[in-house]
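> Start from the sequences and build out the full structure, keeping to the hints where you can.
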Amino acid sequence: MDGRLLNLRYKRRTAALATFLAISVLMFGGALLYNLVQLRQAWGEYSYETSQRADALTRIHRAAGYGGFIHNFKNYVLRQDPAYLKRLTIDTSEFHSALNTYRLLTVNTEEQAALNAIHKTFDAYLNAVQLAEAGVLEQLTPNVLDKRVLVSDTEAIEALAVLESAHERYNHEINQQMQAEFDFLINMLLIGLLAVPLIGFWAHRHMGLLERLAETMLARNEMQKMLARSEEEADEALRRSETYKHLAYRCALTQIPNRQAFNEAAEKALVSARDQREKLAVLYVDVDDFKGINDRFGHKTGDQVLTEIAGRLDRVLRGDDLVARIGGDEFAILIFGRDALKAKDQLATRIMDALRKPFDNIELGLKVSCSVGGAIAPDQGEDVDALLKAADTRMYVVKKSGKDGAMIG
Numbered sequence: 135m136d137g138r139l140l141n142l143r144y145k146r147r148t149a150a151l152a153t154f155l156a157i158s159v160l161m162f163g164g165a166l167l168y169n170l171v172q173l174r175q176a177w178g179e180y181s182y183e184t185s186q187r188a189d190a191l192t193r194i195h196r197a198a199g200y201g202g203f204i205h206n207f208k209n210y211v212l213r214q215d216p217a218y219l220k221r222l223t224i225d226t227s228e229f230h231s232a233l234n235t236y237r238l239l240t241v242n243t244e245e246q247a248a249l250n251a252i253h254k255t256f257d258a259y260l261n262a263v264q265l266a267e268a269g270v271l272e273q274l275t276p277n278v279l280d281k282r283v284l285v286s287d288t289e290a291i292e293a294l295a296v297l298e299s300a301h302e303r304y305n306h307e308i309n310q311q312m313q314a315e316f317d318f319l320i321n322m323l324l325i326g327l328l329a330v331p332l333i334g335f336w337a338h339r340h341m342g343l344l345e346r347l348a349e350t351m352l353a354r355n356e357m358q359k360m361l362a363r364s365e366e367e368a369d370e371a372l373r374r375s376e377t378y379k380h381l382a383y384r385c386a387l388t389q390i391p392n393r394q395a396f397n398e399a400a401e402k403a404l405v406s407a408r409d410q411r412e413k414l415a416v417l418y419v420d421v422d423d424f425k426g427i428n429d430r431f432g433h434k435t436g437d438q439v440l441t442e443i444a445g446r447l448d449r450v451l452r453g454d455d456l457v458a459r460i461g462g463d464e465f466a467i468l469i470f471g472r473d474a475l476k477a478k479d480q481l482a483t484r485i486m487d488a489l490r491k492p493f494d495n496i497e498l499g500l501k502v503s504c505s506v507g508g509a510i511a512p513d514q515g516e517d518v519d520a521l522l523k524a525a526d527t528r529m530y531v532v533k534k535s536g537k538d539g540a541m542i543g
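Here the numbering used here is used: position 18 in the sequence shown is 152, and no number is missing along the way.
Calculated from the structure, these hints are not laboratory results. Hints may contain errors.
As the list claims (entries may be wrong) - Computed cross-link-like contacts, DSSO-like style, restricted to lysine-lysine with a CA-CA straight-line distance of at most 30 Å:
1. 533 with 254
2. 359 with 402
3. 413 with 533
4. 537 with 476
5. 476 with 208
6. 413 with 534
7. 413 with 425
8. 434 with 501
9. 413 with 523
10. 208 with 434
11. 434 with 402
12. 425 with 254
13. 534 with 402
14. 491 with 434
15. 533 with 476
16. 254 with 208
17. 208 with 413
18. 534 with 434
19. 523 with 533
20. 501 with 281
21. 208 with 402
22. 534 with 281
23. 537 with 523
24. 534 with 491
25. 281 with 208
Written out as structure tokens, the structure reads:
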């Protein structure tokens, strides 16, 4: 065969192969670039969504949680200072703004129900604010007013936990989806790199695609960092949820359990006592003339007195017993177990001894006394309210008899 013909055929085959390789590489590069653009777009949407969720949850916690609306509401009830009403107005506006922001996000039925539960509890608090204002005009004492406007937080606390769990679950699912898509993209890239010896002819003429592939490799570390930050945010949201659960059952001032925690613990103890055919005791402790302490020494000293009393009560209790602050200057003690009846009288003596010790560490010459009433279940009551009422009645008998004493049922 003529040499010129062979040379022409060789050139044609080379051109055909080069064309085939060029078209193949262009198709591969186009598919890779398309997937990269889609992944970046999906990541941007996810980043915006999770940022809005985290921000809305934080604002709801801050506006309605302890330190926000509820904290200022409690202070208004106990201190009856009009300044707290202005703070409540600001907290209300911030709460509604945060709640509306969350509603605009993509939420499921469970989250929608949780938002409705939080809104319902907040509305109950708004009604309580009106009752509190009326009570202040009637010149009700803080203790009486506190009982009148009592609102249960349980449903809202559980709803907040649902939102935190949904946020964490959303982050986890999206992270898995992003990781799967990114792994697919990297696998495509590796397949392309294995074909480098075959596309060398094409590469030096079309560097743009390879530059984009290199950018993809560099972007991998950045995306992994973003995924790690997202997981850290989810972990922080979970820790914050646990913290708010803890705060919801603690008195912010004295750091001992509050009325909600006492009621739930007492209900469980009553069920256990009925099943075991045992008895339990409830003690009601009220600080004598606490208003006089506030008027003479100031609210700061009054707060220190309440904190000191809470600490003394907690230290004299047995390991299984519980002390809680259930009102402005009122504490309740739950005594249960097999020897509850034997322990109640000894415990009452230890309580009175502890409370009669000087309070000179707070204010030199400060004298503080308490009146204690007690009730036995099921003799004086079969539920928490009945027991507290019976113990409260005995406590007032002590007050009328000269205060600074105890009367246990």
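> Each hint should be assessed against the structure and marked as holding or not.
For each hint, the structure was consulted:
{"no.": "1", "hint": "533 with 254", "verdict": "violated (40 Å)"}
{"no.": "2", "hint": "359 with 402", "verdict": "violated (47 Å)"}
{"no.": "3", "hint": "413 with 533", "verdict": "holds (26 Å)"}
{"no.": "4", "hint": "537 with 476", "verdict": "holds (24 Å)"}
{"no.": "5", "hint": "476 with 208", "verdict": "violated (37 Å)"}
{"no.": "6", "hint": "413 with 534", "verdict": "holds (28 Å)"}
{"no.": "7", "hint": "413 with 425", "verdict": "violated (35 Å)"}
{"no.": "8", "hint": "434 with 501", "verdict": "holds (16 Å)"}
{"no.": "9", "hint": "413 with 523", "verdict": "holds (17 Å)"}
{"no.": "10", "hint": "208 with 434", "verdict": "holds (16 Å)"}
{"no.": "11", "hint": "434 with 402", "verdict": "violated (35 Å)"}
{"no.": "12", "hint": "425 with 254", "verdict": "violated (34 Å)"}
{"no.": "13", "hint": "534 with 402", "verdict": "violated (33 Å)"}
{"no.": "14", "hint": "491 with 434", "verdict": "holds (20 Å)"}
{"no.": "15", "hint": "533 with 476", "verdict": "holds (25 Å)"}
{"no.": "16", "hint": "254 with 208", "verdict": "holds (18 Å)"}
{"no.": "17", "hint": "208 with 413", "verdict": "violated (34 Å)"}
{"no.": "18", "hint": "534 with 434", "verdict": "holds (28 Å)"}
{"no.": "19", "hint": "523 with 533", "verdict": "holds (15 Å)"}
{"no.": "20", "hint": "501 with 281", "verdict": "holds (27 Å)"}
{"no.": "21", "hint": "208 with 402", "verdict": "holds (26 Å)"}
{"no.": "22", "hint": "534 with 281", "verdict": "holds (22 Å)"}
{"no.": "23", "hint": "537 with 523", "verdict": "holds (18 Å)"}
{"no.": "24", "hint": "534 with 491", "verdict": "holds (22 Å)"}
{"no.": "25", "hint": "281 with 208", "verdict": "holds (11 Å)"}
Hints 1, 2, 5, 7, 11, 12, 13 and 17, counting from the list given before, are not met by this structure.
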